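The opening position of the sequence shown corresponds to residue 478 in this note's numbering, with each subsequent residue numbered one higher.
Source of the hints: derived by calculation from the structure; they are not laboratory data. Each hint should be verified, as a subset may be incorrect.
[Stated by the list, open to error] Label-pair ranges, simulated between beta-carbon atoms:
1) 506 / 537: 31 to 39 Å
2) 500 / 524: 37 to 45 Å
3) 506 / 539: 38 to 46 Å
4) 531 / 495: 50 to 58 Å
5) 513 / 488: 17 to 25 Å
6) 479 / 523: 54 to 62 Å
7) 531 / 504: 13 to 21 Å
8) 480 / 509: 45 to 53 Å
9) 480 / 537: 53 to 61 Å
10) 538 / 501: 38 to 46 Å
Remember, predicted model here, so these are calculated numbers, not experimental data. For glycine and all other residues, C-beta sits at the position ideal for the given N, C-alpha and C.
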Amino acid sequence: MAIAHTPSQATDSVGTLLITVGVVLMALLTLYLVGFDQGTISRSGMYLHELMHDGRHLLGLPCH
């Protein structure tokens, strides 16, 4: 005999909310790094700077 457990609606809602908030925060962080950082936080060398620079051009954001 197996015991089946179905989560409540409240648990599903909280899980979905946490995932949604996490995705939105990651998207905002990515937008900041690509669009506005200019090397302030991403100080890992020229490779990351050039990658972000190319991302700015790809998204049409001003960078010069």
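Hint check:
1. 506 / 537: 31 to 39 Å: violated (20 Å)
2. 500 / 524: 37 to 45 Å: Cβ of residue 500 to Cβ of residue 524: about 26 Å, so the range 37 to 45 Å is violated.
3. 506 / 539: 38 to 46 Å: Roughly 20 Å apart at Cβ, these two residues miss the hinted range, so it is violated.
4. 531 / 495: 50 to 58 Å: violated (33 Å)
5. 513 / 488: 17 to 25 Å: Violated, at about 37 Å.
6. 479 / 523: 54 to 62 Å: holds (57 Å)
7. 531 / 504: 13 to 21 Å: Holds: the Cβ-Cβ distance is about 19 Å, inside 13 to 21 Å.
8. 480 / 509: 45 to 53 Å: Holds, at about 46 Å.
9. 480 / 537: 53 to 61 Å: holds (55 Å)
10. 538 / 501: 38 to 46 Å: violated (19 Å)
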